[in-house]
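K.L.:
Put chains W and V on the given structure of chain P with help from the hints.
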Amino acid sequence: MTLIFTFIQKAIGQGIAILFGATGEIITEKSGNLNLGVPGIMYMGGIAGLMGAFFYENSTENPIPIVGMIIAIICCLLASALGGLLYSFLTITLRVNQNVVGLSLTTFGTGFGNFFGGSISKLAGGVGQISVMTTASAFQAKIPGLSKIPVIGDLLFSYGFLTYIAIIISLCATFFITKTRAGLNLRAVGEDPATADAAGINVSKYKYIATVVGTSIAGLGGLYFVMEYLGGTWSNNGFGDRGWLAVALVILALWNPTNAIWGSLVFGGLYILYIYMPGLTRATQELCKMLPYVVTIIVLIITSRRNKPENQSPGSLGNAYFREER
Amino acid sequence: MNNKEPFVRMSKRDGISFGKAWEIRLGAVILSLIVCALVIVLITGQNPIDVYKGIVDGAVGTNRRAWVTIRETVVLLLVAIGLTPAFKMKFWNIGAEGQILMGGVAAAAFMIYFSESMPNWLLLIVTFVASAIAGLLWGLLPAIFKAYFNTNETLFTLMLNYVAMQIVTFCIVFWENPTGSNTVGIINSATQKGWFPSIFGNAYVLNVILVALVTIGVYIYMKYTKQGYEISVVGESQNTARYAGIDVKRVIIRTMMISGAICGFAGALIVNGSSHTISTSIAGGRGFTAIIVAWMSKFNPVAMVIVSLFLVFMQQGSIQIASQFGLNENASDIITGILLFFLIGCEFFVNYKLEFRKNKKED
Amino acid sequence: MGEVNAIELKGVTKRFGEVVANDNINMTLRKGEILSILGENGSGKTTLMNMLSGIYFPDEGQIFVNGEQVTIRSPKDAFSLGIGMIHQHFKLINILTAAENIILGLEGAPILKMDEVRKQVNDLTERYGFDLNPDQKIYDMSVSEKQTVEIMKVLYRGAEILILDEPTAVLTPQETEKLFAVLRNMRAAGKSIIIITHKLNEVLEISDRVAVLRKGTYVDTVETKDATVDSLTEMMVGEKVTLDIERTEPVSPKKRIEVRGVTVKNTEGVTVLKDASFTANSNEILGIAGIAGSGQKELLESIAGLQVMEHGEVLYFSPEGVTEKLSEKKPEEIRSLGVTLSFVPEDRLGMGLVGSMDLTDNMMLRSYKEGKSVFADRKQPRDLAEEIVEKLEVVTPGVDTPVSRLSGGNVQKILVGREIASQPNVLMVAYPVRGLDINSSYTIYNLLNEQKNKGVAVICVGEDLDVLLELCDKIMVLSAGEVVGIEDARTTTKEKLGLMMTGGHKGGKKHE
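Chains as they are written, first to last, in our numbering: chain P, 243 to 568; chain W, 48 to 410; chain V, 1293 to 1804.
Pulled out of the complex, with its shape left as it was, chain P reads as follows (with noise of 0.2 Å):
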């Protein structure tokens, strides 16, 4: 019984980080924008939130550790904005295609995250590991008194502040796009952008909108596994393959953040389930680790067989829009 608690909590230790990534994707998709620079953007949100509380607590002699926190959310934020709005730049104005921008920006997120991370402690003239538990110990603290509470406690409330925000984000952002007049447009806008167009609504403006918000988002999932996952460090690659999973989860989720809330469990548990299976080889397990994917192409290819059209991508995904070219 404990087992499964441990890995039901485990399992959420792991899917939240996907979970900020595929909300944020989520709301970048509804524009019809497939930004395939998610795991880039989640590596540049978490060193940059990393490097803001570092240097924070290098200055100081007695750093407190809700500044240093507000710090690394403020940088997070900032750096993985700029990420979108760089990509947005490439897609929406210059009109590079979504897929090259996409890749480039992983590829360049990804060595900045760990050359940073590498590097960032020497460049500041110390040794070794980066490390910052004092603004750790902001991100990992638990709600006092309900987390003592036991088993329901050790369940639902001894997670660190961004595990509750990420829960909230996803709710949220479903309250945004089915119930608000900006959500109807933004649907609008990925899945027919001419039709918008014509009833008034700026499609570039929208387009910008939410895919900086989603890689703002999205960076969070970052911040999140470097700051109350690692406990304030950085581990070279060990963010992994969390970001091309985030951009699964968006299909298993159906393009609806409440179903990644549930999905980003799934693929939390799936992930190291190989950890928790009796009876499994080391081989055995590496191929328990590919499930997460192996479910999302079978998701994929279920979706394409014709459903319900609105749980498919939204319709003009990848395409970009140039109103002239009509």
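Source of the hints: derived by calculation from the structure; they are not laboratory data.
Note that CB positions come from ideal geometry on N, CA and C, so glycine has one too.
Possibly wrong hints are sitting among the right ones.
What the hints assert, rightly or not - Computed list of lysine-lysine pairs in DSBU-like fashion (alpha-carbon distance at most 30 Å, straight line):
1) V:Lys1438 - P:Lys447
2) V:Lys1671 - V:Lys1661
3) W:Lys296 - V:Lys1661
4) W:Lys135 - V:Lys1664
5) V:Lys1746 - V:Lys1683
6) V:Lys1405 - P:Lys447
7) V:Lys1621 - W:Lys135
8) V:Lys1517 - V:Lys1532
9) P:Lys447 - V:Lys1368
10) W:Lys137 - V:Lys1622
11) V:Lys1429 - V:Lys1383
12) V:Lys1546 - V:Lys1786
13) W:Lys270 - V:Lys1671
14) V:Lys1547 - V:Lys1617
15) V:Lys1617 - V:Lys1557
16) P:Lys447 - W:Lys400
Claimed, not checked - Distance ranges between label pairs, derived from CB positions:
17) W:Pro244 - V:Glu1620: 53 to 63 Å
18) V:Asn1318 - W:Asn197: 49 to 59 Å
19) V:Gln1428 - P:Leu413: 22 to 32 Å
20) P:Ala424 - V:Asp1432: 22 to 32 Å
P.N.:
Just chains W and V now, kept in the frame of chain P:
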């Protein structure tokens, strides 16, 4: 003043002279080099001239370094060449990474299991065929679903990359050497079975020859054969293809098999021809970079050689810079990223021209 | 009089390049009336209305709305003047509901109050007698329901003047009745309505007045009560124009293609071709007349093997006396039977040619498979391209130029030239001279005649009755997907064809 005319207007060029297009691209390259220099100076605090000397030194400073640069260039070129038929058909194969890995796994398997049973030349040929088939199957899968169900190939091929990666780690468990290291180590390090033989005393000459052959082959295939012609028609308009009596589904599947096979063969080129081991990082993002190479070169093989060489040159150079200053080797990814942003961004200025609003008062 | 008109046009002119789409149009729409605008294809009806809805801007002339001169530069301007246009091609987002589509792009509170919208929509549907579920998704809707949503979009935005572009083209008779009832309710509520159409019986049924356009010029406006089918047809088609197209007598025509009971449904499940049967003979040009979208495209594509048929068959009788069944065969299979069937489709650059490829490569589209070699022969296509350029006087920098860079007339010469070069037994052409200048048009007519004299069975879909009457030997008329009749081009009249096309000929004798 409320002037309704926007400040800048963009209009599509009717066609641009060959020279002008390359002028713009050259401008972008120079600009990107300046930005890269600034970034490096900012980080290392060194004189930019020294930095670029370091880069040149790192890429071609010694005979060995120059050959490594050539080796890496031809691998990148081969993958880009492999992607060309698929892209020409407007099929977004971003699964080259996975196709390389599958080809690499097949190549490693043959090196490990059959090195005793056949002479080296036969082993090499069998390995090439096996790796090409492995890549082919990995390309065939999304193609079938694209042809029959119109399943999104971008996302499908992307996911398959990671399935391939897990297959590699799965195999590594069995081939581990030494036990517990979680790596395969150098395969056949004593016998050098399955390794590329030296030609003219150099280990990488065969790599160059093979890639040159494939490049010429694909160029001829795309430009002069009936199948190549079918690919371009399908890529331009499926409606026209049907009108001309082309079986669109068959062309999609056949083309992706070719594309996958070449990428799979690139796996063998890496495993047999340079790394002599297998790991999840043998593809090392080349599958992605090659997409950009192919896209930027507009499928022109000469342009592909130039772009690949330029990117690899800068990568190898920045690895050298990084180690010189005790930084980690990921500096090269940042440099590559910056170069790519400029190069892909400049295509806009090749295709469109900007007209600035004239200020009427000054006129 | 005394009352101001809803819309008044004075001397409105619109040109596209050298083509004058609307020439000095003077016209009025009275308040609270239904005005029909009648005209053949290409008479400039839609262009004129697009100037009212802000899609085009007139080159000359003035527009008055409610007595005041206005400038309409965008659809937004049109909306603010209370003008709403319902286009033939719906602009709706498939995955959204009717209500969501109706409010799309409107300003308002950030959080949607769909209940309120639903109530407003229901109020409107009730007031005018629509039938619409605001929560239904567009992809679940029939064509007429989608049209209802388009009309609701306009009404919801408070339009007082509605323009409907061929609203009945896509509707069944029952749905048309329903639409007309709604339009009458709107008229009763004081709205002014323009409906573009070329169905005479509908014009007579619904409108108060009829304005007639012909070839870009304004003919006249008459009170519907004073008009008859015959008088309107006369106004619409005008005097017969003599074109001097050389026409030879067919020499011993033989049956070449027989179409038996072909029925085709489009992707939306609507029957677009109903039980079509006819024969096309060698040494003859069979013209196909009809309003755009009456099933011409589907008919030709059925013969070419590009269309899935519900039922029916297409037979081919070779000059050697062999009969082949073409239906249920793909183009390549038809080709392998030795049937040389050439087809110049309506969509020249989207189907017949590849715009980004050069002339030589476009020649290859038909011939590249020839021969056993894996390599494609470019020598012959290149020679052919050069030959066509020379013979048909194609204006191009060279045979290496992408065809999309050429003008419409030159593109068509290349397409027709290629199709004729394969020495076909059957030649099908759709709208062969659309968008072409006079000289190019005559080049094409001569080519078709040349083919006919060589013994080819030519099928020519056209829109200009004058041309069909002088070019063809027989003219088949399609109306709403049905073959209404086949006339002898030498004896029939323009009026008669016009009546058959517009459904005014209902109950007339039907050829078998």
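K.L.:
Now tell me if each hint is right for this structure.
P.N.:
Outcome of the hint check:
1. Among the hinted pairs, V:Lys1438 with P:Lys447 is consistent with the structure: their alpha-carbon atoms are about 28 Å apart, no more than 30 Å.
2. The hinted pair formed by V:Lys1671 and V:Lys1661 meets the criterion: a straight-line CA distance of about 14 Å does not exceed 30 Å.
3. With a C-alpha separation of about 17 Å, the suggested pair W:Lys296 and V:Lys1661 falls inside the 30 Å cut-off, and the hint holds.
4. Among the hinted pairs, W:Lys135 with V:Lys1664 is consistent with the structure: their alpha-carbon atoms are about 24 Å apart, no more than 30 Å.
5. A distance of roughly 18 Å separates the Cα atoms of V:Lys1746 and V:Lys1683; the hinted pair therefore holds under the 30 Å criterion.
6. With a C-alpha separation of about 24 Å, the suggested pairing of V:Lys1405 with P:Lys447 holds against the 30 Å cut-off.
7. Among the hinted pairs, V:Lys1621 with W:Lys135 is consistent with the structure: their alpha-carbon atoms are about 29 Å apart, no more than 30 Å.
8. Annotation: proposed proximity of V:Lys1517 to V:Lys1532 holds, straight-line Cα distance about 26 Å (limit 30 Å).
9. Distance restraint check for P:Lys447 and V:Lys1368: the Cα-Cα separation of roughly 18 Å lies within the 30 Å cut-off, and the hinted pair is therefore satisfied.
10. Taken as a hint, the W:Lys137 and V:Lys1622 pair is honoured in the structure, with Cα atoms around 24 Å apart against an allowance of 30 Å.
11. For the hint pairing V:Lys1429 with V:Lys1383, the CA-to-CA distance comes to about 14 Å; that is within 30 Å, so the pair holds.
12. A distance of roughly 27 Å separates the Cα atoms of V:Lys1546 and V:Lys1786; the hinted pair therefore holds under the 30 Å criterion.
13. Simply put, W:Lys270 and V:Lys1671 have alpha-carbon atoms about 14 Å apart, close enough for the 30 Å limit, and the pair holds.
14. For the proposed pair V:Lys1547 and V:Lys1617, the alpha carbon gap of about 14 Å is at most 30 Å, so the pair holds.
15. Restraint check: the Cα-Cα separation between V:Lys1617 and V:Lys1557 comes to about 21 Å, which is no more than 30 Å; the hinted pair holds.
16. About 22 Å separates the Cα atoms of P:Lys447 and W:Lys400, which keeps this hinted pair within 30 Å; it holds.
17. Taken as a hint, the range 53 to 63 Å holds for the pair W:Pro244 and V:Glu1620, whose Cβ atoms sit roughly 57 Å apart.
18. Our hint of 49 to 59 Å for V:Asn1318 and W:Asn197 holds, since their Cβ atoms are close to 52 Å apart.
19. A C-beta distance of roughly 27 Å is found between V:Gln1428 and P:Leu413, which places it inside the suggested range of 22 to 32 Å.
20. One distance hint, 22 to 32 Å for the beta-carbon pair P:Ala424 and V:Asp1432, holds here, with the actual separation near 25 Å.
Going through the hint list in order, the structure satisfies each hint without exception.
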